[in-house]
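J.: Fit chain to chain and form the complex, with the hints in mind.
Sequence order for the protein chains is A and B. For the first sequence, the numbering used here assigns the number 1 to the initial residue and increments by one for each residue that follows. For the second sequence, the numbering used here assigns the number 1 to the initial residue and increments by one for each residue that follows.
Since the hints were made in silico from the structure, they are not lab data. Misleading hints may appear alongside valid ones.
The following label-pair restraints were derived from C-beta to C-beta distances [what the hints assert, rightly or not]:
| id | chain 1 | residue 1 | chain 2 | residue 2 | range |
| --- | --- | --- | --- | --- | --- |
| 1 | A | 14 | B | 60 | 51 to 59 Å |
| 2 | A | 201 | B | 59 | 45 to 53 Å |
| 3 | B | 59 | A | 189 | 27 to 35 Å |
With a Cα cut of at most 20 Å, we get these calculated DMTMM-like pairs of lysine to aspartate or glutamate [said to hold, decoys possible]:
| id | chain 1 | residue 1 | chain 2 | residue 2 |
| --- | --- | --- | --- | --- |
| 4 | A | 231 | B | 80 |
| 5 | A | 287 | A | 275 |
| 6 | A | 231 | B | 72 |
| 7 | A | 287 | A | 248 |
Don't be surprised by glycine CBs; every beta carbon is placed ideally from N, CA and C.
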Amino acid sequence: MIETDIWSQLLGGFATAGTPINLLWAFVGCALGTAIGVLPGLGPAVTVAMLLPITGQVEPTSSMIFFAGIYYGAMYGGSTTSILLNTPGETGTMVTALEGFKMAKSGRAGAALATSAIGSFVAGSIATVLVTLFAPLLADYAVRLGPPEYFCLMLLAFTTVSAVLGNSTLRGMTALFVGLALGLIGMDQITGQVRYTGNVLELMDGIEVVLVAVGLFAVGEAFYNALYEGKSVSSLNKMTSVHMTRSEWRRSWPAWLRGTFMGFPFGTIPAGGTEIPTFLSYATERKLADPEHKKEFGTTGAIEGVAGPEAANNAAVTGTLVPLLTLGIPTSVTTAILLSAFQNYGINPGPQLFQTSSTLVWALIASLYIGNVMLLVLNLPLVGFWVKLLRIPKPQLYAGILIFATVGVYGMRQSAFDLYLMGGLALLGVLMRRFDFPIAPVIVGLIMGPLAEAQMRNALSIGEGRWTVFIDRPMSLFLLIVVALVLVTPRLLAWHRRA
Amino acid sequence: MQNSSRSTTLQTLIALGALGVAAVLAWGAAQIPSAAGYSGVGPAFLPWLVAGVLALCGVLLLLQARRGGFHDVEPPTGADRGDWRSFAWLAAGLLLNATLIEHAGFIVSCALCYALAVRGLRLAEGQSTSLPRMGQDLLTGVVIAAPVYWLFTQVLAVNLPGLTSTGWF
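Excised from the complex, chain B in its bound form (with noise of 0.2 Å):
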């Protein structure tokens, strides 16, 4: 089983990636005025120059794709395939924490966010969670969100929002 790097077919995505990122850059760029002024080169020189490297970038890249891939690529570490079922919880718990964070508190919304992490990088290391084990994570998150919640809020005075207005949770 190849490793999924080496995939000849995804560098060349990649490559055509990078050329999408110029693209926009290009768009981008026509749309800013380009007042010179005194300084001989206006707001729009450098996205200009840089879609036009990232352009060439991406046309060598996929150059080197199409012609047997990347050139020099240290192999990278870990498993040849990716398991997308633990990289789904953990995405899962992401989306959750910035969905919820203004509306449940830090404290909450990290703790979930952790539970499912957990759970994701669990099951990428082949255990598998079962529900009291979930809410002992529950429960550790709540142990790691809040002193940090405190830490930062009344301490160094840093805005995170709770679920109540009093600061503590």
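Isolated chain A, as found in the complex (with noise of 0.2 Å):
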């Protein structure tokens, strides 16, 4: 019976990941992830990418288990800077950014710090549940897929990511080429051909997911600060005693719940972001509000609109990882970072990874569990010595950064051609920056541009040769739709509006 198969396997997990080394990988992840993410200018998909050198040595399942909580973590520790400096370390805390730095103005961050990290607790919770239910029939589903369908699928992630993300498609698309053009760089892996290296050794086996993540996020973001925002300055707002009244927690809690269940779904489509859900989220608790709460909204700022998107967030988060696991499909730079984590174990998720490396999919699941409970404590009662993180003056904390940046980039391949190469696309992120292209499309780009490539072709094998083949089959027919409808629907409703 499925039940007491997912309730044996998963106690299974707990085993493992109970383990005392795993539970200190767990708890370090969990804390290096809130410290990234409290601070500015490093986020938890180049931190996973600086710390990737570490595959070679340490065995996957501790590997995955810290990983990914540096992933929660960052996402937690993120909340505390959008609330008490009002620059969001994440896109998925923009929203708590508006409410809760509010809230903190008006002398109430202690408030807003707990429901946001009970928030993410319950909602993270819950959808690790709902992750622990649903991963295993999906990927029992999944199996049926073939070549087409995986194509039809990346197909549908590249066009979410480099269509919803931003303000324009062009350059969204524009960026995500730039991805799939450095993906070209290397060995073809059908044919062995050789591919865009112009006789240079060090290109041979491609450009590093690693160097491209850290090239353009974390030394961009340094190139970035030192050209533009030397002279901006932040505040910080005065930390208070971080607990909430009980009419606070009384308007949390429902605004919890709403959050979970909206942002779970987005977390497992290959819509990409968490932008979407936690805007939702917002907007529903905003509309939702007593008339004497809604006025709080923008003001003094209301505990529900820092309740309710950090709720969707976690949940958004959590969700991300099934597509991960059970169709090795990754819908956020994060799990894109992930996944190359896992192909450097010559691990490939998909569906079948619930067969082959099934203890290590589980202890993963039982150490989010885990994960949210050390993440609790780390952010409530620990939350103090978070925020002295933020005193660290900038030049400092970027310079710093170069460092961990270099360790990232050199331990991978050994080679200094490298570190050149991570300034050059240093110098791509600060122009890409600086002119509104997206960013995240580059990376899944180059991630998942010789995965789609693969299945492309083997797809066409399928067929003979025939393009058919992608409509001939009722599943990738309907997802190609869906792209159409993605690509189409915005320019409609904008010329509609405009007729």
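T.: Rendered as structure tokens:
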């Protein structure tokens, strides 16, 4: 019976995740993740990317628990910065900055931090239960998907990441195809043909993901700061004691639940990103609030406006693990990097993952529960410690980031050439940020490009070289229609509005 | 003083850059033998596709740039003009790091990079760095780089270059 099967596997996962060494990895990951989330300039994606060299030595279960801890922790930590400093650490915490910062300015920083941490815990726990229940079922179904369907799913992911995020589909597409171009460098998987290496030996293995992520984000951020943000000042809000009154609890918990159930589905579909569910949750809470609380929105700060979006954010982030573990399709930059980590171990996430590496997967899921508890402790009573991190002056912070970037990039392939490439990519990152080109599609294109190409060519082999194989099969036809809708609908709406 | 991101000249250059990349891709694609084999399309297919789409994107970007600028641009945060002097210090630090790391070792090279970068970032904030302060920065750089080096080489067994071959420095 499937319920007892899931239950016994989950218990096995707890046994693996609960060993002292894995608990230690989980704790270090969560702590590091919180620190990263609190500090501006680094995100979970880049941090995991910089730490990818450890996959050479640490065994897969422990390192995936560690990386997942960072992913999660960053989300908890990012809320702290949004509330106290109005500079969101992560896009998902952008909405928290709206109301949370207002609450902090009116002297209720503590309540905002409390509702954010507890809400994240509630949402994370519920979402993890949903993952536990749905992921194995989805994996069972997904085994029936073939290369044509996979290719169309990836196409959908490409489309949504470039068309839905950011202001301009054109610029998003440009970024995506730059990423695809970078992914072309190296040896073709199927024929062994060398492409775009220009006879440079180091490029034979392609461009390392770490290099691109660290170059575009971390070093690019440092460059951008030196160029444009030297004179920007951010004021730190005062901390108050972290607890909520009875009425604040009463207002928060329905928002937490609504946020969770809004956020989780968005995380699971390749619609990419946590912006949509968090904004949706914010709009919903604003609509549903009683009149006397409604006027707090945008003025003194309404607690529902923090509780809902935070829960939605956490649930969405947990949800992104579903397509990663069941289909092998990353729906965010961090999950794309996690995919890279799996690949370093020679593990290819997909529906078979639950059969071939079930100990790893269930230990990872179990560690999510454990991680949530750890993060609640790290973020509620210990939040004062993280706030101190915010006092590190920017020059030292960004210069320190450069040292970590060097470790991450050099540690992967022991090549100084990579460091030069990293610098070049950092310049590209500055350019992209300056002219409003989204960076996430570059990473997604780089990592998924080779995978999508392989699926496409496999699909064509199955279809004996005919392109109709993609529309002959109902599932892939359906996905292609969705892709077309995603591309066309915003244009139609805009045209309709103008008419 | 207009924000440099609104400059249509720069935007045109970016669009031309995209076209340039597309051209390079097309040139490279032409050199790939496109033996199709069983899979219907060969290793040259995707390169041509990417080159084609990037060329299209470049043309559309160029049109937008010449007709008044990119659409729906969100103004970037920060100053209107770049502080290239500060940037130069940062770039110098990174270049030095890349050239020195395999000769002087991780700790020395990163400490120097740190010191130069801090100088550049301080310059961006309008502060100047005196010589003793730079010495302090160098020391801080060592204090950060050394534990990182030890953590990665001793505990995590990642290969990082050292000045000596003891594995500690």
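J.: Residue 231 of chain A and residue 80 of chain B: Cα distance at most 20 Å?
T.: holds, 11 Å
J.: Is it true that the C-beta distance of residue 201 of chain A to residue 59 of chain B lies inside 45 to 53 Å, as the hint says?
T.: violated, 35 Å
J.: Would the hint linking residue 287 of chain A and residue 248 of chain A be met if the CA-CA limit is 20 Å?
T.: Measuring from Cα to Cα gives roughly 18 Å; hence the hint holds.
J.: Sort out whether residue 72 of chain B lies within 20 Å of residue 231 of chain A, counting only the CA atoms.
T.: violated, 26 Å
J.: CA of residue 287 of chain A to CA of residue 275 of chain A, is that 20 Å or under?
T.: Since the Cα atoms of residue 287 of chain A and residue 275 of chain A sit roughly 18 Å apart, the hinted pair holds (cutoff 20 Å).
J.: Just tell me: holds or violated, for the beta carbon distance of residue 59 of chain B and residue 189 of chain A against 27 to 35 Å?
T.: Given range 27 to 35 Å: holds, Cβ gap about 31 Å.
J.: Taking 51 to 59 Å as the hint, is the beta-carbon distance of residue 14 of chain A and residue 60 of chain B inside that range?
T.: holds, 53 Å
Against the hints set out earlier in the document, violations occur for numbers 2 and 6.
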